[in-house]
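S.K.: Residue-level listing of the chains:
2 protein chains.
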Amino acid sequence: MRVDEIDELLSIRAAELYYEENKTQDEIGQALRLTRWKVGRLLAQAKQRGFIRIEILHPRARRLPIERRLREERGLADAIVVSTAGVHSPEELQERTAQAAADYLTALRPVPRTLGVSWGRTLFEISQHLRNGWATGVNVVQINGGVSLNRRPGTAAATAVGIAQKGGGSATLLPSPAILERLETKEAIEADRVVAGVIELARSADAYLFSAGAADHSSVHVESGYLSTADVDLLVQKGAVGDVVGRYIDSDGNIVDPALDARTVGLTLDELRGAPLAIAVMSGSTKHAVADAVVRSGLCTVLVTDEATALHLLDG
Amino acid sequence: MRVDEIDELLSIRAAELYYEENKTQDEIGQALRLTRWKVGRLLAQAKQRGFIRIEILHPRARRLPIERRLREERGLADAIVVSTAGVHSPEELQERTAQAAADYLTALRPVPRTLGVSWGRTLFEISQHLRNGWATGVNVVQINGGVSLNRRPGTAAATAVGIAQKGGGSATLLPSPAILERLETKEAIEADRVVAGVIELARSADAYLFSAGAADHSSVHVESGYLSTADVDLLVQKGAVGDVVGRYIDSDGNIVDPALDARTVGLTLDELRGAPLAIAVMSGSTKHAVADAVVRSGLCTVLVTDEATALHLLDG
DNA sequence: GCTCGCTCTGCTCATATGAGCAGTGATGCC
DNA sequence: GGCATCACTGCTCATATGAGCAGAGCGAGC
Numbered sequence: 007m008r009v010d011e012i013d014e015l016l017s018i019r020a021a022e023l024y025y026e027e028n029k030t031q032d033e034i035g036q037a038l039r040l041t042r043w044k045v046g047r048l049l050a051q052a053k054q055r056g057f058i059r060i061e062i063l064h065p066r067a068r069r070l071p072i073e074r075r076l077r078e079e080r081g082l083a084d085a086i087v088v089s090t091a092g093v094h095s096p097e098e099l100q101e102r103t104a105q106a107a108a109d110y111l112t113a114l115r116p117v118p119r120t121l122g123v124s125w126g127r128t129l130f131e132i133s134q135h136l137r138n139g140w141a142t143g144v145n146v147v148q149i150n151g152g153v154s155l156n157r158r159p160g161t162a163a164a165t166a167v168g169i170a171q172k173g174g175g176s177a178t179l180l181p182s183p184a185i186l187e188r189l190e191t192k193e194a195i196e197a198d199r200v201v202a203g204v205i206e207l208a209r210s211a212d213a214y215l216f217s218a219g220a221a222d223h224s225s226v227h228v229e230s231g232y233l234s235t236a237d238v239d240l241l242v243q244k245g246a247v248g249d250v251v252g253r254y255i256d257s258d259g260n261i262v263d264p265a266l267d268a269r270t271v272g273l274t275l276d277e278l279r280g281a282p283l284a285i286a287v288m289s290g291s292t293k294h295a296v297a298d299a300v301v302r303s304g305l306c307t308v309l310v311t312d313e314a315t316a317l318h319l320l321d322g
Numbered sequence: 007m008r009v010d011e012i013d014e015l016l017s018i019r020a021a022e023l024y025y026e027e028n029k030t031q032d033e034i035g036q037a038l039r040l041t042r043w044k045v046g047r048l049l050a051q052a053k054q055r056g057f058i059r060i061e062i063l064h065p066r067a068r069r070l071p072i073e074r075r076l077r078e079e080r081g082l083a084d085a086i087v088v089s090t091a092g093v094h095s096p097e098e099l100q101e102r103t104a105q106a107a108a109d110y111l112t113a114l115r116p117v118p119r120t121l122g123v124s125w126g127r128t129l130f131e132i133s134q135h136l137r138n139g140w141a142t143g144v145n146v147v148q149i150n151g152g153v154s155l156n157r158r159p160g161t162a163a164a165t166a167v168g169i170a171q172k173g174g175g176s177a178t179l180l181p182s183p184a185i186l187e188r189l190e191t192k193e194a195i196e197a198d199r200v201v202a203g204v205i206e207l208a209r210s211a212d213a214y215l216f217s218a219g220a221a222d223h224s225s226v227h228v229e230s231g232y233l234s235t236a237d238v239d240l241l242v243q244k245g246a247v248g249d250v251v252g253r254y255i256d257s258d259g260n261i262v263d264p265a266l267d268a269r270t271v272g273l274t275l276d277e278l279r280g281a282p283l284a285i286a287v288m289s290g291s292t293k294h295a296v297a298d299a300v301v302r303s304g305l306c307t308v309l310v311t312d313e314a315t316a317l318h319l320l321d322g
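Residue numbers (our numbering), protein chains in the order written: chain A, 7 to 322; chain B, 7 to 322.
A pair counts as met if it fits within one copy or between any two copies, since identical chains are not told apart.
Straight-line distance between alpha carbons at most 27 Å, and here's what the computed DSSO-like set of lysine-lysine pairs gives:
(1) 244 / 192
(2) 29 / 53
(3) 44 / 29
These aren't lab readings, by the way, just hints derived from the structure by calculation. The structure presented is a predicted model; accordingly, all values stated were derived computationally and were not measured.
All chains should be built: construct the whole structure from the sequences, respecting the hints.
M.R.: As structure tokens, then:
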């Protein structure tokens with residue numbers, strides 16, 4: 007038995023006594039016939055070699071070292087990473103992430119006077135996790151079109167209104183479909199005084215809060231009837247990994263289909279990229295690819311996500 | 007938000023900074039605007055409420071608190087429980103347990119002069135994990151019959167011989183089948199001078215080392231041809247949960263089929279129960295029921311097992 | 001409205017732990 | 001064989017942490 011093998015075993019024995027039996031290093035020293043300094047060094051070694059895993063088991067637990075890596079290695083202004091420890095379903099993950107986003111918004115300083123928001127399942131859940139009085143006097147403005155065409159009408163509006171009401175402010179809705187069938191209609195809608203005014207207000211927002219959708223058949227665009235499953239398949243063929251504020255991007259963050267993009271109402275991606283504070287909230291394995299594109303192409307300054315997605319961004 | 011809810015969240019934030027960022031309690035106090043004593047109390051609370059999980063990730067890691075519970079709540083003289091953290095296959099679990107048994111034997115004081123052993127997959131693996139010179143002059147004697155009939159001939163012998171050779175001693179084999187077809191044959195064999203002498207030696211052993219088999223078709227008795235799958239099914243119907251030294255017992259540790267037992271060669275269970283040192287080694291979910299019967303009915307004084315089996319014994 | 005008792009807070013003091021440092025023994029190199 | 005090097009050991013000292021305690025704040029009960 008080699009010496010470092012003996013030391014490895016001793017460090018495990020020491021760790022058992024230290025962490026499971028709450029003995030002092032001195033007591034362990036007596037038990038294993040070592041000096042307390044040797045015990046201290048064995049424990050340090052065990053930690054350093056990764057034999058000791060400390061996990062914080064709580065729905066609200068975050069992974070600060072991963073957040074730091076995201077800031078440092080991906081140049082984000084801030085990152086919130088929720089722990090996946092003990093998560094059993096994608097819904098639970100989504101909820102944790104939405105809760106973390108709500109917490110982040112609530113703690114945000116300075117409080118934004120005008121907050122631009124997108125809509126979708128994630129945004130709706132964030133709105134539900136915000137507490138009454140999370141802010142005082144936050145005005146919310148929709149940054150992309152989204153009057154639902156068929157199913158679940160009004161969730162887009164309910165999201166914006168919910169965030170605004172709980173924040174003691176009012177919501178300004180963008181009264182337009184997400185994607186128009188004809189370019190002329192889209193241009194006409196954008197020329198409309200009310201719509202133009204809302205978009206202008208959206209451009210002036212202090213902060214943006216949005217999610218991204220995966221490019222697959224479960225997309226809200228399919229569910230809402232703006233795109234058919236065939237449309238999505240075509241986009242995927244062209245390299246789409248997902249959409250941000252209704253605009254489909256490839257893995258480099260470039261618009262996949264400029265013609266489709268021209269028929270999409272709302273803030274452009276470059277306007278989003280120019281924002282001083284753009285908070286992207288994405289979780290779940292289906293969003294790994296979009297999340298990567300969003301972060302790489304600088305679409306957000308702040309990322310709220312789960313541990314697995316974060317590690318995907320960092321380690322590929 | 008209730009006060010204890012705020013405290014819960016604060017304790018999670020504190021735990022993140024303490025365990026993941028290696029901040030001192032004082033630094034955390036400054037960051038969260040708390041006194042360092044409050045931080046200390048929050049951390050203690052987080053531990054106490056079970057939000058902090060510390061795991062030792064190593065094949066040789068043991069679970070000392072569970073071992074203690076087994077000693078105290080099940081009256082065992084000693085218990086060795088290996089961690090299941092990071093185990094991916096039943097084979098790996100079996101290996102860890104065998105390794106632990108080998109370690110236990112090596113560290114055993116006083117060193118037994120005569121060691122009685124059973125045979126089977128577990129025992130064979132233990133023999134392989136023992137190091138040359140694990141003891142000096144240990145004589146090994148088989149405590150139950152087991153000349154394999156068809157497959158893998160000689161593993162029973164190889165086990166005993168291996169343990170003896172590595173321990174600087176010699177092995178005494180029990181030259182008899184495990185189970186005889188007729189009672190008369192069994193009695194004749196036991197009357198044989200050599201066989202009687204081996205059994206007498208087995209009775210005088212200082213310590214016994216044995217495993218138990220589950221009562222299912224994968225049993226070594228089926229594999230070796232002593233029992234048919236139909237025999238096993240019948241035993242299960244009569245309440246058998248497994249076998250110890252070839253003798254099938256129910257969940258209370260009683261012999262299931264006295265007629266079969268009478269045809270089984272080797273130490274009786276009561277002889278085993280009377281031993282001052284009887285080390286049972288069992289691991290894997292298939293052995294939960296037998297392990298329970300063995301421990302409850304006092305067949306062993308020392309138990310070597312895995313975490314999951316141990317928890318099954320303790321919490322049902 | 002007052003008092004009793006309880007919990008929680010911020011402290012002092014004792015203890016446990018980590019950083020750094022000089023001596024020691026082993027190892028390899030000439 | 002002698003010497004330089006280096007990892008490792010056991011220490012001193014500074015710091016971090018936990019135990020225990022007095023006082024403050026708060027609520028229940030009279």
